[in-house]
Each structure stands twice: as C-alpha cells, then as structure tokens.
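Protein sequence lines, in the order shown, are assigned to chains A and B. Under our numbering, the final residue of the first sequence carries the number 319; numbering is consecutive throughout. Under our numbering, the final residue of the second sequence carries the number 319; numbering is consecutive throughout.
Derived from the structure by calculation, the hints contain no laboratory data. Backbone N, C-alpha and C define an ideal beta-carbon position, used for all residues, glycine too.
Sample of chain B residues at the chain A side, in silico, Cβ under 7 Å:
hint	residue
1	A54
2	A62
3	V64
4	V66
5	D75
6	H190
7	L191
8	L194
9	A204
Computed Cβ-Cβ distance ranges for the label pairs, DEER-style:
hint	chain 1	residue 1	chain 2	residue 2	range
10	A	L184	B	R299	20 to 30 Å
11	B	A264	A	Q273	40 to 50 Å
12	A	Q274	B	L174	35 to 45 Å
13	A	P279	B	L174	45 to 55 Å
14	A	A204	B	R266	39 to 49 Å
15	B	S99	A	E312	49 to 59 Å
16	A	Q168	B	L242	35 to 45 Å
17	B	P279	A	A103	34 to 44 Å
18	B	R299	A	E256	49 to 59 Å
19	A	E297	B	D150	27 to 37 Å
20	A	E124	B	Q168	47 to 57 Å
Letter by letter, the chains look like this.
Protein chains: 2
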Amino acid sequence: MSSALAAAGETAGERVALVNGVPQATVSVFDRGLQYGDGLFETLRCEQGRVRWFDRHLARLSAGCARLGLPVPDGPLLRREAESVLEGCPRALVKLVLTRGVARARGYRPTGDERATRILTRHPWPAATGQEFRLGLSAVPLARNPLLAGLKHLNRLEQVLAQRAAASAGVDEVLMCGGDGEVVSGSMSNLFLVQGGTLLTPPLLQCGVAGILRSLVLELAPQLGFAVRVTPLSAQQLAEAPALFVTNVRLGVQAVHWYEGRRLELDARGARLQELIDHAER
Amino acid sequence: MSSALAAAGETAGERVALVNGVPQATVSVFDRGLQYGDGLFETLRCEQGRVRWFDRHLARLSAGCARLGLPVPDGPLLRREAESVLEGCPRALVKLVLTRGVARARGYRPTGDERATRILTRHPWPAATGQEFRLGLSAVPLARNPLLAGLKHLNRLEQVLAQRAAASAGVDEVLMCGGDGEVVSGSMSNLFLVQGGTLLTPPLLQCGVAGILRSLVLELAPQLGFAVRVTPLSAQQLAEAPALFVTNVRLGVQAVHWYEGRRLELDARGARLQELIDHAER
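In isolation and in its complexed conformation, chain A is listed as follows:
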C-alpha cells in the first residue's frame, strides 16, 4: 500500500489519506459531511505503530453515532485502517472523519439508506516549540445545544472563528464561554483549574467536547492526591486562578504559562499527571 498511499498524499507524502479503505485523498462533493457537517471525527495519537486509548475514542465515536443516527462503527476495522496509514511512522496524529455518506437526495433529510464515509488522514507529529504556552479568553461564544454537547462533530465554525482571532491575538489557545458567560473549554482543548489540592473542570452538558484526555485526567488525578470536581467556572474564577492546565490528545496535560497576559504558577503535578497518562493502556 506504501506507494499508493504516497501517491494519495497531498503535500509531498507528508499527509496521506484513506477513504473507505481505498488510498485516495478526495471525497464526493455530494458527501453530507461537506454539505452539512453531518458527521463526527476523532484525532488519534499514534505511537510505535499503535493508536493510544483506542477504546475511549471508539466509545465516544459510537455515542456520537447513536446521537446522530449513524450506523455503529466497526471498531476493529477502524483500528486496522488507522494503523495501516501509519506506515512505520514512530509518532503521528491520525484524524478519523466519519460522515453519513453521499447524499441520496437533495436536502437536510437523510433517506436512511446512505452508506457512511470513513476518512483517515495521517498528519506529522507537530515539532515541540519549546515556547511558553499562552492562553486567552475568546469573544466568540459557544452556542448551547444539549443534543450536540460532548460530541466531536463536524460543525466547528465557532472553533475556527475563535482560533482565527487567537492568531491575531498571538495566543496558542483561547477559552470559550457558553451562553450564560460560563467558561466551558478551550477551542481545541478541555480546561482544568488547579486550586490547591483540587482540580476543577466545567461540565459539558450544553456545549463543548468530552475530551479523551479530560476523561483520563478525571480518572487518574486522584492517584496524585487531587480531588476532582466537575463544576461551572466563571470568567472571574479564571481571572483569579493560580494555575491552569489545558488538555487534548496532542498537547497532553499542557501547563498554561500565561493567561490573558498574566503569568501563572506552574504546578509540578502536571508533569506527574502526564506520566500517569502516558502509561495508561486504556
């Protein structure tokens, strides 16, 4: 498959793609993923030829499929395909996009006999910048919809707008607020506020994505003596926070050096939490 995959790569073999098991880098313009964002995605951390925390990704994807009325994904097939696009890369990100498939008719209403499209793309592991991590607060709100909350679905314009503004502001990531002004998450990460022996993170019942790293932190932090509380956080609490972590599969447990131009404390337990997570099999 090596040469075919390379041929399908768009940027001199750096990015490769597999669509429904076939090495190709295109999809139909009639795919409902493009037409409506009618689908889901996962970003998989791959190391030594294996997908980390695959069962958690599959569980979230399956929950999303149930919510959207997509067929239950074939886990072993997805894992095989993800590992096949690695092609011996020691470390990479593999993005899995699963859509409802090519539209059978015009309009939002699915006919029910669409065949899901699965797209796997390999992306090089980003080089570490070695720079301090800067976090801001976005003016772009997260719209509240409990039917979509928690899912990693393809409707991501809010995050695009937030990251576009973050680029202008010279920060790496921005926190986003829900309709009542409560802080929900970063645009591409979940949020943990470190307050003494307690880790606080917002609930995700109205908006936000239930991150894989977030679930790992919630489970493993007690081993370091942390109490963990899922609780609403206000912008004021953030403005006074002594220390913050943001988490996602790529960043891991990322200590925040600067929040809205204010230098934060660095909590050594972040690195220990990262070690625990690095060793977590599931």
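Position chain B against the provided structure of chain A, taking the given hints into account.
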C-alpha cells in the same frame, strides 16, 4: 462542456458538479469545508437559463464571507458558472458551496493563505407532490450564536437532526425554537404568521438563516396591504395561529395546511404574494 459535465454527474447525469470551474464531482479530504464546515452555501433557483434574485444571493454570501474572513466572492464568475451548469435545463436548483479551501496545516486555525473552493452542483427541480403541506414543531433546538446568526453556513447538524425527526413524524417541515423557547424558523424555511392584515416573522439576531424569500416577502407584502412586523413568536402564538406561510427559494410562499395536526385557514393573499415574487427581478 456538456459531455465532461455529464461524466462528472453522479447519478446518471442527474446531478452535475463544477469545482473551481472544472467539471468534477470530488474535493480534497483536506478541504476545510469537510473538516470543519468552514464555509457557506446558497441554493439558487434557476429558470430559463438564469439565476433568480442573484444579487440578493451574492449580497448574503458576501456578508457571510466578511463574517468568516473569506475573500470577497467574484459575483460575475459565480453567476457565469451557475448558468453554465444549467445546460439548457428549463428549471433547476443550483447549489453553490464556498469553503475556505484546502487546509494548509492541521487544526482549526486558518493560515490565511488558503484558496477558497467553490462548488456548484445542479439538482433537478423537485416534482410537485400536490399534497397538503404539513408542518410540525421540532424538539431539536437551534443554538444561539449571534456571530453566525443569519448566515447560510455549512454547520447544519441541527437541521439534519430536525429533518430526521420530521421524517419519522410524517411532516414536511418543522419549526425550531431558540434557547428561550421562542420559535425562530423552519429547519429549511422562514416562517410567517398571518394575523388579519399583519404578517409576523421572527427576528434572526441569535440564530436562523436570513432567507432570500423572506427578504422578498418583507419588501413586497405591503403592496398587498399587509403590515409586516419582525417580532419574537412564542410556541403558544403558533398553536393559536389562524394561518401560516413558510418560505424558501424552492417552496416559494408555501401555505401551511396542517400545523401540529391542526388544520389551518388558507389565505388567498399567499398566492398573490407568490405572483409578485415571481415577477420580482431583483
């Protein structure tokens, strides 16, 4: 271009597609339209080889581009391409999708040097069913985000979920409510409540799409003696409404025969409004 377009058609020449001026029916899997719904669309009514109300579509599209930070679209080019895919069809719908283009890097943040992708697809004009139009009330809410309100952007999962439920309920269209329970619009149409000599339609400052037909009704209805008011509408007002219209480019001014199982009055001024709109050049 005829045979090439036919070759690019997916369903025996019924649907044809043009991507950046080239007859083809595929896009890159790395297109940000697919990855994030990072783009906009327009559904164009085409008759006698011409796009109806093109200037209004272009104005809405341009406003959306300004909001998302996409380059100003080339109106004359879009019009020429839309008319070229018609290929002598007396009547058709042409869908225009405009995305930020192929991602230059992984992640939500645009690099700013993407080149927009424009996709035009032709769809046969749906055959009239001759059946009574049934409208329901959806349990799927419309999330509120003033930064996206009014735009015809590609993040349409809420509408997909609403139409999926509408199919099960056996209705043609469903009304959707915003966060405070106020009725905003149909999943694919705008809403007008007929109350004596007044047409009432909800504001679209928090969610919903600013429809082309809606703008035409707002401008032309006074010629029939209607007063027009843009005002919030509650589910209770809908439950007691004597007559309703829903509007979009395909349906025109569609009288609602049944709302939530209740038979409505039919207002003859709907047909006269439709005639006025049919003759509106701009």
